[in-house]
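**Q** Taken in sequence, the protein lines are chains A and B. Mapping of the first sequence onto this note's numbering: position 419 corresponds to residue 419, and the numbering continues sequentially without gaps. Mapping of the second sequence onto this note's numbering: position 299 corresponds to residue 1299, and the numbering continues sequentially without gaps.
Any given hint could be a false lead.
To be verified - Listed next, the stretches of chain B that the computed footprint assigns to chain A, with coverage defined by at least 3 CB atoms under 8 Å from CB atoms of chain A: (1) 1010–1018; (2) 1037–1043; (3) 1211–1219.
Derived from the structure by calculation, the hints contain no laboratory data. Keep in mind it's a predicted model, so treat the numbers as computed, not measured. C-beta atoms are modelled at their ideal positions from N, C-alpha and C, and glycine is treated no differently.
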Amino acid sequence: MSAPAPLFLALGQMVALTLLGVVLFQQLLYGVLLLVALLALILRPPRRTVRSLWTELAEVAPSVSVLVPAHDEELTIVESVRALLALQYPDLEVIVVDDGSTDGTLARLQAAFDLEPLPGPRVWHLPKAPVKAVYRSRNLPRLRVIAKEQGGKSDALNAALELASGELVCSVDADSLLEADSLLRAVEPFVRDPRTVAVGGTVRVANGCRVAGGRVVEADLPRRFLPLVQYLEYLRAFVMARLAFERLGALVIVAGAFGLFRREPLVELGGYRCDTVGEDFELVVRLHRFMRERGASYAVRFVPEPVCWTQAPERWRDLARQRIRWHRGALETFFLHADMLLWPRAGAPAWLGLGSMLVVDVLGPAAELLGWLLLPFLWWGGAVWTGFLFAWLALCVGFGVALSCAALVLEELELGRVPRAADLLRLALAAVVEHLGYRQFVNACRMVGHLQYLRGATGWGRIARRSFDGAVIRS
Amino acid sequence: MSGFTAILAPWLAVLTAAGVLAFLGGLAFAAGLALHRHLRDRRRHELLRPEDVRRRLLALAARPDLPALGPWPPVDELADLVEETASVVRGDLRVRLCERARELGVLDLLVRRSRARRVSLRERAARALGTFLELDPPAVRAVLLRLLDDREGAVRIAAAESLLGDGGDLPRHVAAHLRHDPAFATAAALRAFERLVPRLPGEAAAILADAADPRARLVAEAVARMRVHALLPAILAAFPRSRGDLRLALVRALVALDHPQGFAALERLATDPDPLVRLAALAVAAAEPGARIAPLVRRRLSDPDPRVAFRAFVLAADLGLLSAAEAAGRAA
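Only chain A is shown next, with the shape it has when bound in the complex (with noise of 0.2 Å):
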C-alpha cells in the first residue's frame, strides 16, 4: 500500500480526533449522572409503604384527573380504564378522550360504562378539533369521555385538560399500566412541597410481564432481544439519567406515558403544543420557561418508585419509527427553547438540561455513528493506527457496557423489580451485545430524524404494537 496524502492523512486525524472527543465527553458526562444517581439515592429518603402514605396522604391528598388519550384502542381500552378506575387513590376522576377513532373503541366505552351525553353546549378553548360529545357513565361518576375529531395526541390531552378539575392532571398512554400504588406515590412530592409543578415516575417495558385485568401481575424479562435491549436503555434513562437531572434541578422529561403535573400553571401555558411530536418534553421545558420568566419559585420532580409499564416496539422497523420521531421531538424542542441557553435567569434546565440533550442527543450519536462508518476507512487509508481503533472500541464499548452495568446495580438498590439473578446476567449480556449493531442502528435512526426535522418533516408514524393478551393492535 502506497503512502496515504498528507492532506488526507491530517484531514483523517482531525476527523477522527473530533469524533473520539465528542464521545469521549459524552462518557464523561454519563459518568458524572452516574455518581450524581448514586448520591441522590444514597441521599433520598427511605422508600415508604403504602399503608404509611395512605395513612398520610388520604385526607390530604389534592384531586386528580388522569387523562387518557385514546385512538383506535377498542382492544385494550375498557381494561386500561377499569385499571385506572381501581388506582389506589382518594380522589380520582378519569377523562377518557377518544380522538377521532375509526375502531370501536367509543362504543366499546360506552357499552362497558354505560355513558350518557353531558348536557348543554360548550365553548372549548384548549382543543383545535372539534370536540363532538362529552359523556359520563350513569354508573361511575369519576368517569368523564370525551369524543373528538382527530387532532392528535396533544390535542386530544388539551380538550381533557380542560374538562379536568382536579388539582393535579396525570397524563397516561391508553395502553400504559400503571401500577396500583403508582398515583400515592407520585402525588407524594406535591404535598410535601407546594412548590412541586411537575412530577414524573419510572416507565418500563412491559414485554414479557403477565398481564391481567390493567395490570402487570407478574414482572418479567422481555424474551426477545429487542424489547431486551430497550429494557436496558429504559433503565438507563430513569434510575440514573433521570434522577440525576433531578438531583441537579436540571430535569427537563417528565414521560408522556406518565407524568403529574398541576392543573392551573399547564391550563395558563395553553396546554400540550400539537405542532411537535415531542409534546411531553415541549411541555416540560415551556413549564421551566414560564415558571423562570414569572421568577416563581418551583420545582420538577422525578420519583422512582410509581412505576408506569409501557409496551416497547419488537420489530425493527417499528423501533426506527419510534426512534426518528422521539429525534424528532427532541430536536424540535430544543431548536424552539434554544434561547433559553443564552439567557441568564434560565439555570439548571436549560445549562445542564438542554445542554447535555445537545452532547447526548445532536452531537453524540451522529459522532458515534460517524465513527463506527469512517474509522475503519481511515485506519485502512493509514491515518489512524491499530491503537487509535482500540481506544474508540474501549471508549464506545468499554464505558457503555460498565455504565449499563452500574445502571443495573442502581436498579436493584433502588427498586428491585429485575425478577430473577439469571435475568441480571441476561441484562449484563445485552449491554455488551447492544453495541454489535443495535446502538449503531438507533443513531442511525437519529441521524434519520435529523434529517426529516430539517426537512421539516410532521406526523407520528404508526407503530405495530399487542394487546396484552399478545394480539397485534396496530400496524
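With chain A held as given, fit chain B onto it using these hints.
**A** Here is chain B on its own, set in the frame of chain A:
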C-alpha cells in the same frame, strides 16, 4: 510514527486500558450482583411460603408448648407475618400467638427495629408492637412511649395508634404527649383523636377549654363526626371564646349534636357579610345535611356572591330541594 501519533499514543493507551478495565469491572460487578441475588433468592425459596407460616403460627398458638417444628423463616419476615396474623385473631388465641412470637424472637427484633435508621422500619415496628401490648411487657410500653418522641411524624402517629389500642391508661399518655405535635395537625391526627375522644371525655373537655390548643379543633371535629353527646357542655362552654376554624368546627359539632344553638350560629354565619364565611357555613351545612338546614340553604340560593349561590345550588340539589324545572333554570 508521526508527531500526532507520538503525542496521542500514551493517552490513547490509558484510555484503552481504562475502557477495558471498565468493561471487565462492569461485567464482574453485574456477575457479583447476580450471584448475590441468586443466593438471596435461593434462601427465600428454601423457606416456607407465607400462608404455611401463618397456618403454623396459628397451630402453634393453640398449643401450650413450643415444639420444634423445623425451620422457620428469618425472624424479620416472621415479624410481618405475626402482625398480619394477629390482626385477624382475637382473644386467647391472639395472646398465645404473641407469646409464641415472643419466644421465636419477634419481639426482640421489633424492639431493635424501633431504633433502626430507616423510617419505614421504625414505623412498622411501632405498628407491630401494638400487637404485643396485650402481653403487657413493660419493654413494649417503654418502646412505644419512646417512639412517641420520634423525629418522624409517621412513626409518632403509628406509635400513638398502637398505644390508643391499649385498654389501660396508655391513651392518657398519648393525649398528654401529643400536645402541639405538628404531625398531629393532619388527617391522621383526626382519626387518632376520634378514637380517643369518646374514651377520654375528661381530657377532651380540658383540651376544648383551651381555645389556643391546636387540638381543640380536632376534638370538635371528632365530636361532630362521632356525635359524642357527653361533650356537649364542653362544646357550649368553648363556643363563646372561639374564633376562626375552631368556631366553625364547634358550630359543626353543635349542629351534629342537634343543638338549637348550633343552628342559630350557623344561620348567623350564613348571613355574615364576608362571602368566605358564608361559604364556610354552607360547607358545615353540607357536612350535616338534613331537613333542618333546608331553609338556610334555600335563602342562600339568591346570595349576591355567585360562589355562595352556586354552592347553595349544589347543596340544594343534593338535598332534593329543587324541582327539575327550577334546577334547569338556575343551572342556565
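**Q** Given that the segment 1010–1018 of chain B was listed as covered by chain A, double-check it with a C-beta distance under 8 Å for 3 or more residues.
**A** holds (count 6)
**Q** If you count the residues of the segment 1211–1219 of chain B with a beta-carbon closer than 8 Å to a beta-carbon of chain A, do you get 3 or more?
**A** violated (count 0)
**Q** Taking 8 Å as the Cβ threshold, is the statement that the segment 1037–1043 of chain B is covered by chain A upheld or broken by the three-residue rule?
**A** n = 3 at 8 Å, threshold three: holds.
Violated hints amount to a single one, hint 3; each of the other numbered hints is respected by the structure.
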